[in-house]
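One letter stands for each residue in the lines below.
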Amino acid sequence: MLITRQLATAKGLSVGDIVSLASTPDGNSPRRFRVAGIYEPVPDPMRLAAKRLEARLHLPDLLSLAADSSDPLSAESVTAINVALTDPADADAFARDVSAKIPIAQLTARAAQGGEGTATVFVVLDRFHFAIAVVTVIASTMFLLALMVMLVEERRETVGILRLIGLRKSRILLQVFAEGLLIAAAGAIVGILFAAALQGAVNAFFQWRYDTALIFVRITPQIAWRCVLLAVPLGVLASVVSSWTLLRSNVLDLARR
Amino acid sequence: MSPLAFALRGLVRQPGRAILGIAGIAATGALLFDMLMLSQGLVVSMEQLLASVGFDIRVTATQATPLTGPPIVGMADTVATLAALPAIEEVVPLRLGEAQVDIGGRSREVTFMGADAAVRRPWTLLEGRDIDQRQDTGQPRLLVNQNLARRLELAPGATVTLRGACTANSSVPPTVFRVDGIAEFPFDQASQLTAIATLRDFARACGDAPADGADQADLLMIASRPGDGPTAAVEAIRSVRPDLAAVTNEELVARFQQVEFSYFRQISFVLATITMFFGLLLITVLLSVSTNQRLGEIAALRALGFSRRRMASDVLWRSALLVGAGGAVALPLGLALATWLDALLQTMPGIPANLRFFVFAPRALIVYVALLAVTITVAAIYPMRTVARLPISSTLRTEVIG
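Residue numbers (the numbering used here), protein chains in the order written: chain A, 3 to 259; chain D, 27 to 428.
Honestly, the hints are just simulated from the structure, not real lab data. The beta-carbon is built from N, C-alpha and C at its ideal position, and this holds for glycine as well. Just to be clear, a hint being listed does not mean it is correct.
Among chain D residues calculated to face chain A with C-beta under 8 Å, some are [what the hints assert, rightly or not]:
| # | residue |
| --- | --- |
| 1 | Gly-42 |
| 2 | Leu-297 |
| 3 | Ser-316 |
My request is simple: use the sequences and hints to build the entire structure.
If you want it as structure tokens, here you go:
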């Protein structure tokens, strides 16, 4: 039989060890099996907190171990039959055919899509984290605007002098725009690099905490681009909005003369 | 003028930046408050849910959760033995299974339960009358939840046909039930279809042989006597039936806290830490930039006789006003945000509709206020240091020349 890494660690088992298995809690009629290998179970978010103490047996071994002597069908019963199709795209049609052509009340045929419940959990967690990200972006934008208002205020006299020596409002606005673009792009890149450096630590912590190979954080190029596309326009917008009131002021007021 | 009034005037003088700063703190604070509510929310909600059922002990055959482990056999004797214990007020045996029902020409799965309850019931009757194992009217009777009643347009007195699928390889003939009432089940999921019958009718629908299947239960729900409490009752159960696994609501919640809910506790801790760090960093930057812009003003005030301590306290009060105002706005904002986030997480499969992820608890508010107090102090340290070390004459000279 094969056992999971978690079971091997919990019970101190290694390849070649002999273990006894029974199908009842009282341990009656045990059967002896040799550990042929240790495997990492497929990570499953639905069972994140569960200890994966699992074993895999050959089907005839499992059937004979779990067979109920009072039920002759028990040695001939399985929970599910997995079918691999030549063309996976035919899965739905095949499932419909099976349901129609094998009239057994308890038989349900459906296309395997990674587990309906599992997919839903991922979708819900994705929405939750997206909602948190939206709130974080709103908070960041507020702080960014407050900071930009302060920084622009600091440059009040400089802007006044630039206006006095003949630079047009549009020219100064273009400069503010370019500055905002550079700062926002630099900030976005630093943010992505920081997140990329941090993802290893976050994954390591949660993988250790839950004893799983599940990946919790992954910075994909798509996510990085999404961040840049969100952060850069916001940064530029904050620069331009905070500068706009200053550019509308009287030149002499700006120069404090 | 007091330092507080002085700081307040300073903020009011520049309303734009003050409002933006407060808005940023409010958004960050709302997120922080929500993460604090999430960290204990599921546990508090589960405690409330378990307490609302009216039973404080659950007994199973093994430590495995019901349906994944073996049932309790010899149920009648077990119930009689436990009910005779002085610390126990009531024992309700429960069987859990599934059934199929036709809805719109398609077979749909129904959570099907059997229970013999005399006084307390682990459900709330909304309409009609309750099922009672002491009345044998011949026709099987059941209660349905609102989802099933709505989907099949059932009302008390109507009939419904269920195909019991209580065990693997089950192939029993369909059973026609009379609907006695509509009930609410505390652990139902949002779209779950649920029906409950007496143990006798459950066994009939599941095709259990009277010799074995009818005398078993997946779970015993037990109410301890108020004077004794659940701990004493569990000890009494363990003394007479050490082979059974008995847990109190408190132990169950502790188990959930350790295993089932740990992901949200961890994620709330991580997000709360990041939010706190993020907020602290931004408030420190805001205060520092604001203080740097006021260096000339601060030096002038110092020259007029304001002490270092007085000017440093002005910075601290500014920090307290900004964070305090933002933090206060964050509370209603956080509650509204929690309602939205809760609705998002409620769509997760396997979550009872009555379970809440974000629950307001006094502890969350206390921790929140404490964290804000830490933020006020830590964010003000650097600008206070700048103010305290400010050289008056050189700063004034620089300001005049500049």
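Results of checking the hints against the structure:
Hint status for Gly-42 of chain D relative to chain A: holds, with the closest Cβ pair at about 6 Å, below 8 Å. Given the 8 Å rule on beta carbons, the hint for Leu-297 of chain D holds: about 6 Å separates it from the nearest Cβ of chain A. Because the smallest distance between the Cβ of Ser-316 of chain D and any Cβ of chain A comes to about 6 Å, under 8 Å, the interface hint for this residue holds.
Of the numbered hints given earlier, the model fails none.
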